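Colleague: Build out the structure end to end from the sequences listed, making use of the hints.
Quick note, the sequences are listed as chains A and B, same order. In terms of my numbering, the first sequence has 83 at position 83, counting the first letter as 1, and numbering is strictly consecutive. In terms of my numbering, the second sequence has 50 at position 50, counting the first letter as 1, and numbering is strictly consecutive.
Treat the hints with caution; some may be incorrect.
Footprint (simulated), chain A over chain B, 3 or more residues, beta carbon under 8 Å [unchecked claim]:
| # | stretch |
| --- | --- |
| 1 | 12-21 |
| 2 | 29-41 |
| 3 | 99-111 |
| 4 | 119-133 |
| 5 | 162-171 |
Simulated from the structure, these hints should not be mistaken for laboratory data. All of these numbers come straight from a predicted model, not from anything done at the bench. A virtual CB, placed ideally from N, CA and C, is assigned to each residue, including glycine.
Protein chains: 2
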Amino acid sequence: MARTRRPFVLAEAVTLLANTPVTLDAMLRTLPDDWVAAHEGGETWSPHDVVGHLIHGERTDWVQRARVILEHGEAVPFDPFDRFAQFAASQGRTLASLLDEFAAARAQNLRELAALRLTDADLDRRGRHPALGVVTLRQLLATWVAHDLDHLVQISRVLAKLYSDEVGPWRAYLRIISGAQG
Amino acid sequence: MARTRRPFVLAEAVTLLANTPVTLDAMLRTLPDDWVAAHEGGETWSPHDVVGHLIHGERTDWVQRARVILEHGEAVPFDPFDRFAQFAASQGRTLASLLDEFAAARAQNLRELAALRLTDADLDRRGRHPALGVVTLRQLLATWVAHDLDHLVQISRVLAKLYSDEVGPWRAYLRIISGAQG
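Modeller: Quick look at the structure:
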């Protein structure tokens with residue numbers, strides 16, 4: 001296989017999913033409040049918002065949808081996911097408490113996932129996304145992984161851009177600040 | 001100050017710099033070799049390449065350039081940085097050994113930085129970049145931080161894109177895979 005794609009392997013996905021809370025903790029726990037509340041302007045999200053969003057996903061999305069697929073197949077569409085639930089749920093919470101809650105919720109979900117003892121045949125089972133239509137359990141679990149990484153990209157980008165002015169002429173070399181692809 | 005910018009504060013920068021080796025360790029140490037050797041095609045870098053690049057920066061770039069500024073000001077330009085040195089230096093090395101070396105080199109550089117006991121006046125001191133011209137010590141140190149974050153973005157993006165096919169229809173919702181801004 002080319003070095004630009006990996007096939008879905010459940011044990012590998014679980015390794016990546018288990019790494020995310022530890023990674024976020026290492027990146028964020030020691031940062032000043034002004035850094036974790038920073039964002040990219042307008043309605044964009046801060047690191048604090050993102051951790052709240054990830055908690056909401058653990059509570060209502062990934063494993064819950066896996067159960068819907070296993071129990072109902074395509075007959076029952078998933079509940080729509082509320083991308084803005086964290087703004088109420090995280091309000092006034094410290095980042096430390098959100099990181100703790102995310103780590104506990106993720107660990108619990110990985111225990112539940114393990115208890116399902118999914119086979120390759122299970123991974124091919126189909127469910128119905130309310131907007132995207134038919135999806136497989138394998139696609140759902142791959143998306144759980146990629147969604148984590150997408151938000152790690154976002155958090156790193158938000159933090160980097162806070163120094164857009166402070167880096168001076170080096171701005172031209174920093175792809176995330178200059179906006180260059182690479 | 002707006003939530004989209006932060007002024008350079010040395011203690012905050014040191015916190016961010018100290019977090020990077022722990023973050024990379026959490027993200028990468030447990031991943032299968034095929035994941036850390038993966039890249040975005042062509043001459044793009046793998047996570048393994050990036051860690052090697054960060055080590056080379058610790059050895060030859062940031063603190064060394066700070067010393068050039070403090071000792072020579074604008075009179076002596078920095079040595080150019082070799083962006084490809086890691087391909088020879090990292091060849092055949094395990095990711096675990098690179099992560100260990102990066103953590104040790106970063107810790108040593110942060111000890112050396114602390115020993116300089118930089119004042120605000122020191123941060124205003126100027127040096128000469130071989131291509132960018134006059135830069136300040138403050139800009140150099142801010143760039144050290146933003147450069148770490150730029151590469152955390154890159155590593156997360158490389159990993160996410162490995163599941164571009166596995167996520168199926170969810171591809172449309174994952175900004176890093178779809179290429180959408182957000």
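Colleague: Find the hints from earlier in the document that the structure breaks and name them by number, from lowest to highest.
Modeller: Violated hint: only 3; rest satisfied.
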